[in-house]
Amino acid sequence: MTPERTQKLLTVLAKRQGDLAVVMENVNDPHNISAVMRTCDAVGIQDIFVLTTKIKPHKRYGAKSSSSAAKWLTIHTYTDAEACFSELKKRYSQVLTTHLAADSVGLYEIDFTKSTALVFGNEHDGVSEEIRRLADGNFIIPQMGIIQSLNISVACAVSIYEACRQKNLAGHYSKPSLSNEARESLLKNWGFYQNPDEAL
Numbered sequence: 000m001t002p003e004r005t006q007k008l009l010t011v012l013a014k015r016q017g018d019l020a021v022v023m024e025n026v027n028d029p030h031n032i033s034a035v036m037r038t039c040d041a042v043g044i045q046d047i048f049v050l051t052t053k054i055k056p057h058k059r060y061g062a063k064s065s066s067s068a069a070k071w072l073t074i075h076t077y078t079d080a081e082a083c084f085s086e087l088k089k090r091y092s093q094v095l096t097t098h099l100a101a102d103s104v105g106l107y108e109i110d111f112t113k114s115t116a117l118v119f120g121n122e123h124d125g126v127s128e129e130i131r132r133l134a135d136g137n138f139i140i141p142q143m144g145i146i147q148s149l150n151i152s153v154a155c156a157v158s159i160y161e162a163c164r165q166k167n168l169a170g171h172y173s174k175p176s177l178s179n180e181a182r183e184s185l186l187k188n189w190g191f192y193q194n195p196d197e198a199l
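Following numbering that gives the first Met the number 0, the numbering of the sequence shown begins with 0 at its first residue and continues without gaps.
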């Protein structure tokens with residue numbers, strides 16, 4: 000591995016955010032999933048949760064859309080909603096779904112300095128009622144047009160870039176978020192064959 004490649008991996012790893020995640024529920028189009036993965040990689044999200052309770056699990060994702068982002072991310076796949084949310088509640092202090100309801104908060108009201116998982120739903124039906132019951136609350140993206148919905152990959156991009164903005168202002172990107180153990184594991188998965196302890 001070249002010194003330049005080594006430095007690139009270490010720089011990316013240092014900015015990975017262990018307290019921010021995206022969950023996709025029953026998203027049909029693998030290209031939508033891949034587009035979300037690409038954006039997650041761009042803002043330093045490492046963990047993606049793919050929940051399929053009403054559709055068959057995807058065998059692969061759209062490589063063209065993701066630009067191979069999936070190989071740099073940790074993809075958690077679930078077919079059971081309760082099991083998925085049990086893990087989410089252990090990891091994150093707030094799990095929020097995108098859903099227009101009386102108790103929904105605006106995206107810009109969310110405190111992303113807290114550990115947060117954002118749930119995005121199916122392209123046609125949105126987040127299911129079951130998942131909304133399991134979540135801690137709902138949020139909406141403010142919109143000015145007639146059609147009050149966005150493509151899932153666009154909605155995700157808007158949302159996590161707001162998270163990125165807040166976390167950057169709070170200094171979250173200026174120090175490693177992941178534990179040494181987690182970073183060492185990722186370095187090995189990414190093909191960094193030097194002694195990880197020396198790198199970190």
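I should point out that these hints are in silico values taken from the structure, not numbers from a laboratory. Glycine included, every Cβ here is placed at the ideal spot set by N, Cα and C. Treat the hints with care, as some may be off.
Unchecked claim - Quick list of simulated restraints, FRET-style, between CB atoms: (1) S85 to G144: 36 to 42 angstroms; (2) E180 to A101: 16 to 22 angstroms; (3) A100 to N150: 16 to 22 angstroms; (4) N167 to I74: 40 to 46 angstroms; (5) G144 to T10: 34 to 40 angstroms; (6) T78 to G170: 36 to 42 angstroms; (7) A13 to D102: 36 to 42 angstroms; (8) K53 to K89: 35 to 41 angstroms; (9) Q6 to D102: 20 to 26 angstroms.
**Asked** Is the hinted range of 16 to 22 angstroms satisfied by the C-beta distance from A100 to N150?
**Response** Holds: the Cβ-Cβ distance is about 21 angstroms, inside 16 to 22 angstroms.
**Request:** Confirm or reject the claim that A13 and D102 have a C-beta distance inside 36 to 42 angstroms.
**Result:** Between A13 and D102, where Cβ atoms are some 37 angstroms apart, the hint holds.
**Prompt:** So the hint says 40 to 46 angstroms: do the beta-carbon atoms of N167 and I74 match that?
**Reply:** 25 angstroms, violated
**Asked** Do the beta carbons of K53 and K89 sit within 35 to 41 angstroms of each other?
**Response** Violated, since K53 and K89 (Cβ atoms, about 24 angstroms apart) do not stay within the stated range.
**Asked** Is 36 to 42 angstroms a correct range for the gap between the Cβ atoms of T78 and G170?
**Response** 38 angstroms, holds
**Prompt:** CB of G144 to CB of T10, is that within 34 to 40 angstroms?
**Reply:** 38 angstroms, holds
**C-beta pair Q6, D102: status relative to the range 20 to 26 angstroms that was hinted** = Given a distance of about 46 angstroms, which is not inside 20 to 26 angstroms, the answer is violated.
**Prompt:** Honestly, do E180 and A101 meet the 16 to 22 angstroms range at C-beta?
**Reply:** Distance hint for E180, A101 is violated at roughly 43 angstroms.
**Request:** Can you let me know if the beta-carbon spacing of S85 and G144 is within 36 to 42 angstroms?
**Result:** 38 angstroms Cβ-Cβ, so the 36 to 42 angstroms window holds.
Against the hints set out earlier in the document, violations occur for numbers 2, 4, 8, 9.
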